[in-house]
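Taken in order, these protein sequences are the chains called X and Y.
Note that my numbering numbers the first sequence so that position 77 is 294, with each residue one more than the last.
Note that my numbering numbers the second sequence so that position 56 is 57, with each residue one more than the last.
Every clue listed holds true.
Residues from chain Y that keep clear of chain X, each with C-beta distances beyond 12 Å, as calculated:
no. : residue
1   : Thr38
2   : Phe70
3   : Pro76
4   : Ser130
5   : Glu134
6   : Tyr142
7   : Lys167
8   : Leu171
9   : Ile251
10  : Asp303
11  : Pro338
12  : Leu369
13  : Met375
14  : Lys378
Computed, partial: chain Y to chain X, Cβ under 10 Å:
no. : residue
15  : Glu109
16  : Arg112
17  : Thr193
18  : Asn259
19  : Ser274
Calculated from the structure, these hints are not laboratory results.
Beta carbons are placed, not taken as given, at the ideal position from N, Cα and C, and that holds for glycine.
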Amino acid sequence: MGGREKLQRDRTSKLAQNIGIFLFLAPALILIGIYIIWPIIMSFNLSMFEWDGVSPQKIYVGLKNWKDLLQDSIFWYAFGNNIKFIFLSIIIEMPIAILIAVLLDRGGKKFDVFKSLFYLPMLMSSVAIGVLFKYIYDPSFGLLSGILSFLHLDFLNQDWLGDPNVAFYSVVAVICWQYIPFYMIFFIAALSNIPHELYEAAKIDGATQGQYFWKIELPLLSPSIKTACILSLIGSLKYFDLIYVMTEGGPSNATELMATYMYKNAFASFKMGYGSTIASAMFIIITTAGVLAYFATKKKEN
Amino acid sequence: MKRSVKIIAWVTAVVFMLSLVLVFSTSEKAFSSAGGTKKIVFWHITTDENGKKMIQKQVDRFVKAHPDFKVEVVPLQNDSFKTKLKIAMGSNQAPDVFVTWGGGPFFEYVRAGKVKDITAYMNKNNYKSRFVEAAFGPITYNNKIWAVPVEGAGVALVWYNKEIFKKYNLKVPTTYDEFLNIVKTLKSKGITPITLANKTKWPGCFWYWNFVNKLGGASAFEKAAERTGGSFADQPFIKAGEMLQELVKIGAFPKGFNGLDWDTGQSRMLLYSGKAAMELMGTWQIPIVKAENKKFYEKNLDFFPFPSIKGGKGDPTSLVGMASSNYYAVTTTCKYPKEAFNMIQYLIDDQAVKERIAYGQIPPVKGLKFSDPMLQKVYNIVAKAKSIQLWWDQYLPPQLAETHKDIVQSLFGLKLTPKAAAEKMEKAAKDYFKK
Numbered sequence: 218m219g220g221r222e223k224l225q226r227d228r229t230s231k232l233a234q235n236i237g238i239f240l241f242l243a244p245a246l247i248l249i250g251i252y253i254i255w256p257i258i259m260s261f262n263l264s265m266f267e268w269d270g271v272s273p274q275k276i277y278v279g280l281k282n283w284k285d286l287l288q289d290s291i292f293w294y295a296f297g298n299n300i301k302f303i304f305l306s307i308i309i310e311m312p313i314a315i316l317i318a319v320l321l322d323r324g325g326k327k328f329d330v331f332k333s334l335f336y337l338p339m340l341m342s343s344v345a346i347g348v349l350f351k352y353i354y355d356p357s358f359g360l361l362s363g364i365l366s367f368l369h370l371d372f373l374n375q376d377w378l379g380d381p382n383v384a385f386y387s388v389v390a391v392i393c394w395q396y397i398p399f400y401m402i403f404f405i406a407a408l409s410n411i412p413h414e415l416y417e418a419a420k421i422d423g424a425t426q427g428q429y430f431w432k433i434e435l436p437l438l439s440p441s442i443k444t445a446c447i448l449s450l451i452g453s454l455k456y457f458d459l460i461y462v463m464t465e466g467g468p469s470n471a472t473e474l475m476a477t478y479m480y481k482n483a484f485a486s487f488k489m490g491y492g493s494t495i496a497s498a499m500f501i502i503i504t505t506a507g508v509l510a511y512f513a514t515k516k517k518e519n
Numbered sequence: 002m003k004r005s006v007k008i009i010a011w012v013t014a015v016v017f018m019l020s021l022v023l024v025f026s027t028s029e030k031a032f033s034s035a036g037g038t039k040k041i042v043f044w045h046i047t048t049d050e051n052g053k054k055m056i057q058k059q060v061d062r063f064v065k066a067h068p069d070f071k072v073e074v075v076p077l078q079n080d081s082f083k084t085k086l087k088i089a090m091g092s093n094q095a096p097d098v099f100v101t102w103g104g105g106p107f108f109e110y111v112r113a114g115k116v117k118d119i120t121a122y123m124n125k126n127n128y129k130s131r132f133v134e135a136a137f138g139p140i141t142y143n144n145k146i147w148a149v150p151v152e153g154a155g156v157a158l159v160w161y162n163k164e165i166f167k168k169y170n171l172k173v174p175t176t177y178d179e180f181l182n183i184v185k186t187l188k189s190k191g192i193t194p195i196t197l198a199n200k201t202k203w204p205g206c207f208w209y210w211n212f213v214n215k216l217g218g219a220s221a222f223e224k225a226a227e228r229t230g231g232s233f234a235d236q237p238f239i240k241a242g243e244m245l246q247e248l249v250k251i252g253a254f255p256k257g258f259n260g261l262d263w264d265t266g267q268s269r270m271l272l273y274s275g276k277a278a279m280e281l282m283g284t285w286q287i288p289i290v291k292a293e294n295k296k297f298y299e300k301n302l303d304f305f306p307f308p309s310i311k312g313g314k315g316d317p318t319s320l321v322g323m324a325s326s327n328y329y330a331v332t333t334t335c336k337y338p339k340e341a342f343n344m345i346q347y348l349i350d351d352q353a354v355k356e357r358i359a360y361g362q363i364p365p366v367k368g369l370k371f372s373d374p375m376l377q378k379v380y381n382i383v384a385k386a387k388s389i390q391l392w393w394d395q396y397l398p399p400q401l402a403e404t405h406k407d408i409v410q411s412l413f414g415l416k417l418t419p420k421a422a423a424e425k426m427e428k429a430a431k432d433y434f435k436k
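Build out the structure end to end from the sequences listed, making use of the hints.
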C-alpha cells in the first residue's frame, strides 16, 4: 500500500520535473527550431526546386539539382580544397598553439601579458582581418613585399592573392594566424589542469624538460588535442568569411570552398535551388564527418 | 523549504517564457510604427563622402517640402548591396526606392512583380523628355519604363597620367597599334602600363567587352546574347581573348592584379603613386579621384576613348557602358509610390543637376554645359556616340553573367585558352537559353 503510494508520488513528481525541464529548455529550443532546424528542412526542400530566389513561382525539378551537383567539377574541387584546408589547419595550428601554450605555461605569471597580446587576432572581426591582409599582401605596396625587398629577398615575393597556385596558401596562413590564439587559450586551460606535483615528481626523478613534455604533458593533453582537432575539422568544412572577403573564392576558383561556392550560386547567380542543394550537401558531409570523428576518438579512449 | 524552491523554479520558468513572448512582440512593434510619420526607405550605393552628402541634401529638400514624410537613406557598398537587395526582395523586406543598373538582373525583379511600373509618372508633363534618349535602353521592358535615370553617365574610358605621357613623349593613341606601342614603351621604362584590380572580376571584363565591341561591332554581343544568329564562340570573342592575353603576357598589368580589390582602391593607388600609367574604368573615376586625390585630378588625370582596332567592325565612336550609370526604381511594396517618385525627381531636378556637375558627374539630362573641361569632354563623347553597349554583366541574366566573369578572370590568369573560353561561354549560354 505504502509502496504503491510512493510510486504514484514519484511518478507525478517526475512528470512535474519533466515539464519543468521542458519549460526551461523551451526558449532555447524555440530559437534553435526557428533559426536552425527549420532552415535546414527548408534547404532540403528548396534543393528540389529551380528557383531564382525572388520570383513567386518555384519549378519542381525533383533530384535534378542533386544529379548536377554530383557532376559539378567546381563543387568537387571546392570539396577537395576543404579537405586540404582541414589538414593544413590541423597541421599548422595545433603544433604552434601547443608550443605557445607550453611556453606561456612554463613562464607563469610574468608571461600573462603575452597571453593577452597573442589573443588579439581572435578578437578582431574576420572582415577587418581580411581587408588588412589584402593590403599586407599587395604586391606593389604591401607590408610583406616591403619586408622582403628590405631583406633583399625579392625573389621570394609572390603574387600572393592573384596567383591561383599561391592564393590558397596565402589565405590559409591568415586563417591560421587568426585561429592559433583560440587553440592556444584552449591548451593553456588544459595545461593548468595538470597537477603541479607531477612536474615536481618528474624533476626529482631526473626527467629533462623535453622528457617531461613528450612523456607526461603531451599524453595528458591528448583528449584536449582530439577535441581541438574535431573543432578545427568542423570549422574548416564550413569555413566562409575570410576567404570571401579576401578572394571571393577566386582567382579561377583556386580558393573556392563549399561555402563560398554555395553563396555565389545562391546569391550572385540567383540559383537559390542549386545553392540550397550545396548547402544541404554540406550539412550531410559535415554531420557525417563530425559523427565519424567523434566515434573515432571515442573508440581510442576506451 | 523544498516546496518553496519548486515554486520559485516554476515562477522563473513562466517569467522566462513570458519575457520571450514580450521580446518578440515589442521588436515587431519597433519595426512597424516608427513615430507615426510616413516613411520612405531609400537604398543607394554612392558611398564616398561627397556623393553621400550630395544625395542626402536633395533628400532633405524633399523632406522639407513634404513635412509629413521621413526618409531613411541607406548607403551601401556596391557588391554587398546586390546580395542585400536580393534577400530583401525575396523575403518581402524590400526598400521603397532602390538603385539599379537596369538590364538582366533588374528585369528579373520586374518579371517577379517587385518593381513598380512608372511609365505614367514619366509621361506626365512629358517629364521623360528631360533625359537623353540613350538613357532609356536598360530600363525599358515590355515597352514600359521601370526606373528613372539619375546618376551620371558611366562609360568605360582609358584614364591616364598626363605627366607620365609628357615625360616619355607619348601621344594619345587613336588606334590599337599605337596603344600597344605605348604599353611597350612604358614597360621598358619600368612603369606598369595599365593598372587593374580584378578580384571583383568586372574591371577585367571591361577589356574583353571593349575588344569585342571594337572587333565585331555592338551587334556581335547582342546577337550572341539574344540567340539571334550569333554565338559566343564567334571570331571576335576568340580574338578578344587573344588580344587580352597578349597584354597579360607582355606584362601590361600590375603584379597580382587578379587578387587586387577595386573596391578598396588597390588599382588607383598604383595610379596615384605614378607606378602605373593607365586604367580602363568607368566615368565614375572622375568624382572618385576628385575626392581621393584632388591634386592628382587637377594635375595628372586625363582620358581617351578606347582605341579602334584595325579591321574591326566597331564604330570608332561606339562605347561600352551606359548613358546613366545608376537608375532609381520604386518597389511594388512601397506605400507611397507617387511621393517616392517625387523624391527621385528631387535627386535629378535643376538644383540637383547643378550639384551633380560640381560633384563631378555627367547627368543623363539634355542640353548641359560644364565649366570643368574634363566633364565637357566626356559629355561630348557620350552625346556623339553612335551606340552605347550596356555592361554585359548587367545585360546578361545573372547566372550567365557570373559564368562569364569567371571565364574572363581565368583568361586573365592564363588558365584558359581564348578558344576554350569562348566555347565554354557559348556552351553556358546554350544550356541556359536551351537554344
